Amino acid sequence: MSNHAALRLGKELSELQKNPVEGFSAGLVDDSNLFEWEVFIVGPPDTLYEGGFFRATLKFTDEYPNKPPVMHFLTPMWHPNIYKDGKVCISILHPPGDDEYGYEKSSERWLPIHSAESVLISVISMLSAPNDESPANIDAAKQWREQKDEYKKKVKQFVRKSQEEM
Amino acid sequence: MDHVDSSSFSMSDYERQQEEIESETKSSPIVGDKQSIESLRQAYNPDNEQVQKKINELIQNYSVWRTVRGDGNCFIRAFLFSVCEELVLKKDTTKQKHFQSVLKNSLESLVNLGYPEMLLDDFYSVLDDLVTEIGEGKIKSVDELQQRFVDPDTKDAIICYMRFLISAYMQLNGDEYIPYVLGTTDHVTMDSYCKTELEGMYKEVDNIIVSATCAACGVSLRLECVDAQNRDSTQQVQTITFPDQSEPTIFMLYRPGHYDILYKR
Chain A
1 MSNHAALRLG KELSELQKNP VEGFSAGLVD DSNLFEWEVF IVGPPDTLYE GGFFRATLKF
61 TDEYPNKPPV MHFLTPMWHP NIYKDGKVCI SILHPPGDDE YGYEKSSERW LPIHSAESVL
121 ISVISMLSAP NDESPANIDA AKQWREQKDE YKKKVKQFVR KSQEEM
Chain B
1 MDHVDSSSFS MSDYERQQEE IESETKSSPI VGDKQSIESL RQAYNPDNEQ VQKKINELIQ
61 NYSVWRTVRG DGNCFIRAFL FSVCEELVLK KDTTKQKHFQ SVLKNSLESL VNLGYPEMLL
121 DDFYSVLDDL VTEIGEGKIK SVDELQQRFV DPDTKDAIIC YMRFLISAYM QLNGDEYIPY
181 VLGTTDHVTM DSYCKTELEG MYKEVDNIIV SATCAACGVS LRLECVDAQN RDSTQQVQTI
241 TFPDQSEPTI FMLYRPGHYD ILYKR
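Residue numbers (full-length UniProt numbering), protein chains in the order written: chain A, 1 to 166; chain B, 1 to 265.
Hints were generated in silico from the structure; no laboratory data involved.
Keep in mind it's a predicted model, so treat the numbers as computed, not measured.
Keep in mind that the hints are not guaranteed to be accurate.
Said to hold, decoys possible - Here are the simulated lysine-lysine pairs, DSS-like style, with alpha carbons at most 25 Å apart: (1) A/11 x B/97; (2) B/195 x A/67; (3) A/148 x A/161.
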């Protein structure tokens with residue numbers, strides 16, 4: 001087994017704790033395991049998700065950073081690019097060449113110089129700008145396209161629920 | 001890939017198939033041992049006369065070959081192994097220092113291009129340490145080098161750094177490469193080409209990248225292409241040298257989609 005992944009994750013985590021990035025915070029689910037992170041994302045201001053507080057996990061394998069982590073929201077989410085079970089599906093979480101998901105060729109893909117930070121920044125921007133090309137939640141995607149008002153209402157409900165859960 | 005009925009082929013089927021391919025690949029060594037060139041016959045269909053004729057031709061010039069795992073990193077791994085192997089065997093400090101300065105300059109270029117130094121340094125330092133240890137005589141034999149190439153803490157980091165090194169070179173020499181990129185791919189910028197076709201691990205590389213790798217490292221490579229095609233020439237094995245007309249120091253066998261290392265007689 002490689003130490004490389006663990007060293008790299010330790011470095012990323014301590015860097016994030018020393019110099020926090022606005023919009024999220026990160027820590028370990030269990031202090032003895034660097035491969036499972038718990039993150040809290042603050043709903044970005046001036047978006048539908050404003051005021052929300054969302055809990056998620058990032059799971060890494062010992063092939064990190066050759067291969068991307070997997071991200072799951074634990075807080076229920078309503079979004080075209082988040083599966084109903086919470087799994088996040090955006091291009092940066094897939095390596096180049098993994099074309100089965102229908103992303104555009106130019107979309108940002110996973111590279112070993114990306115990091116937990118770059119994933120979270122992409123996820124935060126995804127919240128306000130869903131990618132219609134590769135929906136994970138087809139109902140949410142359809143609603144976002146065809147019934148924006150209903151979509152907004154539904155997201156607001158989820159945001160309120162996230163506040164109550166806190 | 002065979003035609004699949006997309007309605008019955010779910011995402012989990014796709015993922016399962018990927019996993020099967022992966023576990024099959026992982027059963028072959030990352031860098032194999034040297035083998036007699038005769039054993040190459042078994043790697044191809046023994047009944048294919050065309051291919052066997054080409055192997056006869058290869059045997060005239062090469063005595064030994066070495067397999068490299070076909071995980072999409074094979075060209076870069078075969079290239080880097082051959083370069084390091086030459087450093088170990090010839091103990092040529094000028095060449096070793098040159099390669100080390102290529103590494104150092106590429107890191108500076110990458111930082112100037114806006115790549116994150118903190119993350120790149122993890123990969124750079126592993127490769128730089130390896131080349132330093134060769135220079136200091138701490139890696140004394142090719143067997144020891146082979147051990148390092150399969151070591152879990154080394155095997156991927158060094159390939160990853162090579163990908164970024166080649167990327168920096170291609171971006172800085174974009175004028176030279178962009179005509180080929182525009183002509184043979186659907187990318188319109190070097191940046192998108194490098195990010196999509198080169199910088200990701202396990203991504204098979206094309207001829208443009210093969211050529212750039214040799215130029216970036218100042219190494220001359222000869223590829224011997226053995227496929228099932230009949231060539232209209234007395235010489236059946238197609239030979240390509242990078243850079244063109246140069247005197248090669250490393251040699252590889254190319255089969256469509258895969259590279260292995262060859263050793264001259």
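Q. When the hints from earlier in the document are held up against this structure, which numbers fail?
A. 1
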